[in-house]
Structure formats: structure tokens, C-alpha cells
Amino acid sequence: MLRCCNRLVAPTTGRVCFRGDDVAGLDPLRLRRRVGMVFQRPTPFPGTVLDNLRVATPALDGAAAIDALACAELDESFLNRPATELSGGEAQRVCLARTLVTGPEVLLLDEPTSSLDDQATHALERMVRAQADGGVPVVWVSHDAEQVRRLADHVVRVVAGRIETAPQP
Amino acid sequence: MSADIGWAGMAISLVLVVVAIVLSWWRRLSLERSLAWSATRALAQLLAVGAVLDLILEPGTSLGWAWLWVVGMVGVAAAVVAWRSRGVPGIVGLALAAFAAAVSVSLGVLFGLGIFELESRTLIPLAGLTIGNSMAATILVAGRVYEELRDKRDEVEARLALGQPSNDAARPYLRAALRTALVPQIEQTKAVGLVALPGAMTGLLLAGVEPLDAVRVQAAVMFLVLGAVATTTVVVGLGVTKRLFTPDHRLVALDRPAEG
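Quick mapping for you: the protein sequence lines, in order, are chains A and B. FYI, in this note's numbering the residues of the first sequence are 1 to 169. FYI, in this note's numbering the residues of the second sequence are 1 to 260.
Among the hints, erroneous ones may be present.
If the Cβ cut is set under 8 Å, some of the chain B residues that face chain A in the computed set are [stated by the list, open to error]:
hint : residue
1    : Val105
2    : Asp154
3    : Glu157
4    : Arg159
5    : Gly163
6    : Pro165
7    : Val209
8    : Asp248
Chain B is nowhere near these chain A residues, computed Cβ spacing over 12 Å in every case [claimed, not checked]:
hint : residue
9    : Asn6
10   : Leu26
11   : Gly36
12   : Pro42
13   : Pro46
14   : Gly47
15   : Thr57
16   : Thr102
17   : Arg126
18   : Arg129
19   : Gln131
20   : Ser142
21   : Gln147
No lab work stands behind these hints: they were computed from the structure. Where a beta carbon is used, it is the ideal one built from N, C-alpha and C, also for glycine.
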């Protein structure tokens, strides 16, 4: 479902609207920068963490890169570390920072903590909560009811492919 | 020394096939029938080709027949690549385009710049070298591009999700596939003459040509092969990549292609 929101998948029926516009009519490349996405499994690219950030924004300068890492609670010593040698939690935080450097208007997260330990999970939840508190709407998909209770302002429950709006936490 | 070994010489050389069959029987490899069949089939194919070439290369025969032969070679090579790369979308057209491009570029340089004189006797073997030596690398690159994009789908989609166009998102994986296909050819070129004398040179030496004359021909052939392999792999690599993405920069569903 999230992939339909940034046009990585085209819906077979129905339509997805973003701020009133059918996404099928929007430029997919611009849409994907406006609607950032973090995936279930960390997907660091080969190269350093800075190289990863520059995949998202090639002209990114050092100061902006350090700011992006700070949003993911990583210090600047990470910039020159090989991204593929990071722990799962660190790699997922780099993926979050990489998405944030595109300046997204909305964040989509597809079970981003499913492969992380408790400590890394809580760290990522804290970072994303900070983004939401800062005014970036976040759509977080989770199978973890406890996590939903901890994090969500609004809950939409999908059961057997149908949407049921559950009471708010 | 004469390269004309006669029919008797050819028949006697079959002793070497018998040696292979005896070794297979001795070591219980169960390859005796395969060895006999492959040798028989190769001999029949060569005799058939030789008979047709005898007609085409006869003085006075139109050069058009040689070009027709080249078109046939391109078609057969494309069919082989398509068969070995089943499941890769659009591979027939891409392989045809790749071999046609390689033949055009290679023969354009060799004949257009006067390195060889354009006649049936040069056209057919040079086109054959171009196409024959490019086939393995072309099959390899088609499969590798497909597998790279399929196996690294998460990474590719993460790149797309950052707003990268499909060309940019696929570039690291296309580069890896092209390097895999080209490096063996480069290594072979570097080792030429050190390990074994290459085919064209060996043929010329057996035919009694002076070694330095044979070397010049071999060098031209080697460069021809290098250029042809680069051309076919790039055409097929770019073409397969393009077909694996939609116009709105989505990676299409990729299954495991059939093994060749």
C-alpha cells in the first residue's frame, strides 16, 4: 500500500491522492522526493555514509550531511564509515537520514524496525517521533500493537485487505 | 610445410577422438556417446559449411551471397542468445541489434579504413569472428543485468524512492554486469601469445604464412573481437536495463529466468 503512495507500485484499481492530486498525474521523481520512504530492511548502498547521503542529494555539503546524521542521532564520525559495515540499527538510521536529506513533506515507513533489536527500535521510534512533532506527517506500517500504542496519533487498521479505522490510542 | 592435410590426414586425426573415447571408457565417465556424437556432428557441420563456402568463395560469385551469409550468422547468433537468456524481456530484438551493431562497427572499421580488402574471403571469416567471439559475453551480460536487478531489488527501489531516475538507479548494477562480461575478454587479450597462440595466427602459421605477417593479422582480429564484445555487451546491457523499468521509473516484476 505504501508503495502505491510514492508510485513504486501502480494500483490495479482505485487511485491515490496526495494533497488533492492523483499521484498518477504527478511526476514520479519529484513525488518520491516529496514523499520519502524508509523500507523494512535497511538498504545501505556500497560506499561511505556520506556517499549514501549524496545518492539522495548529490550536491549535499558537509554541514548539511552532519545535520542529517544528527536527525538520526549519528555523529559526524559516521560520515566516512563504510555504510555496508554498519549494524542493522545504524544502517537503518543512515537510511532515515538519507531520506531526510531530500526534504520530504511526508515520511512513509514500512515496518522499519522489524529487523532491529529493542534498543535500536526505540531509538528509531524516538527519531521519527521527533520528525512528526516537527511537523512532518508520518505513515508508519507496523504489525506490533505495542509499538502502535507507543507511537501513533491516528491508527488505521487493515484487516484481510480491508481498512477499519480503530479507536485512537 | 603445407596446411593441406588431405582427406586421409583428416580421417587419421579422428584417432584423437578415439583416444578421448577410450579415456572416457577407462575412467567410466559415460561420455563415449557424447564424444562420438559431438565429433560426428562437428564434422558434418563443417563439411556442410565448407561446401556452401566453396560456392560462395568461388571467383565470380556475387559479394551479395557473402553478405547474406553474414545476415544468417547474425540471425543464428541472436537465436542462440535468446534461447540461453529465456525470460529476459525483448532479448531477441536486443541480440539482433547488438550483433548487427557489432558487425557494422567492426567491419566498417576494417573495410572502411582499408585494413582488409572487402571480398567474400575476408568478409565471412571476419564477421564470423566478430559474432562468434561476442556470443558468450552477450549471454553473460543479459543474464547478469537481469539477476543483479532482481537480486538487489531492495537497493534499486531504495534508490528510486530517493527520486533517482531508473537509468541512474540501475547504473551500479549495469556497470557490475558489464565488467563481469568484459573482464575475461580483457584478460584473454592480455595473455595472448603467452599461454597459447590464438586461432587466426595458428591457422596462418599452419598455412605457411610468415610469423610477423600472421601477428599483424592476429592483432587486427584481436582488436576486432575486443571492440565487438564491448559493442554487443553495451547494447544488450543498456537494452535489457531499459526493458526492466516502466516509463514512470518502476522496476518491473522479475522472475527467475529459465536456465539455458
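Going down the list of hints, with the structure as the test:
{"no.": "1", "hint": "Val105", "result": "violated, 33 Å"}
{"no.": "2", "hint": "Asp154", "result": "holds, 5 Å"}
{"no.": "3", "hint": "Glu157", "result": "holds, 6 Å"}
{"no.": "4", "hint": "Arg159", "result": "holds, 6 Å"}
{"no.": "5", "hint": "Gly163", "result": "holds, 4 Å"}
{"no.": "6", "hint": "Pro165", "result": "holds, 6 Å"}
{"no.": "7", "hint": "Val209", "result": "violated, 49 Å"}
{"no.": "8", "hint": "Asp248", "result": "holds, 5 Å"}
{"no.": "9", "hint": "Asn6", "result": "violated, 6 Å"}
{"no.": "10", "hint": "Leu26", "result": "violated, 10 Å"}
{"no.": "11", "hint": "Gly36", "result": "violated, 7 Å"}
{"no.": "12", "hint": "Pro42", "result": "violated, 9 Å"}
{"no.": "13", "hint": "Pro46", "result": "violated, 7 Å"}
{"no.": "14", "hint": "Gly47", "result": "violated, 10 Å"}
{"no.": "15", "hint": "Thr57", "result": "violated, 8 Å"}
{"no.": "16", "hint": "Thr102", "result": "violated, 6 Å"}
{"no.": "17", "hint": "Arg126", "result": "holds, 23 Å"}
{"no.": "18", "hint": "Arg129", "result": "holds, 22 Å"}
{"no.": "19", "hint": "Gln131", "result": "holds, 16 Å"}
{"no.": "20", "hint": "Ser142", "result": "holds, 19 Å"}
{"no.": "21", "hint": "Gln147", "result": "holds, 22 Å"}
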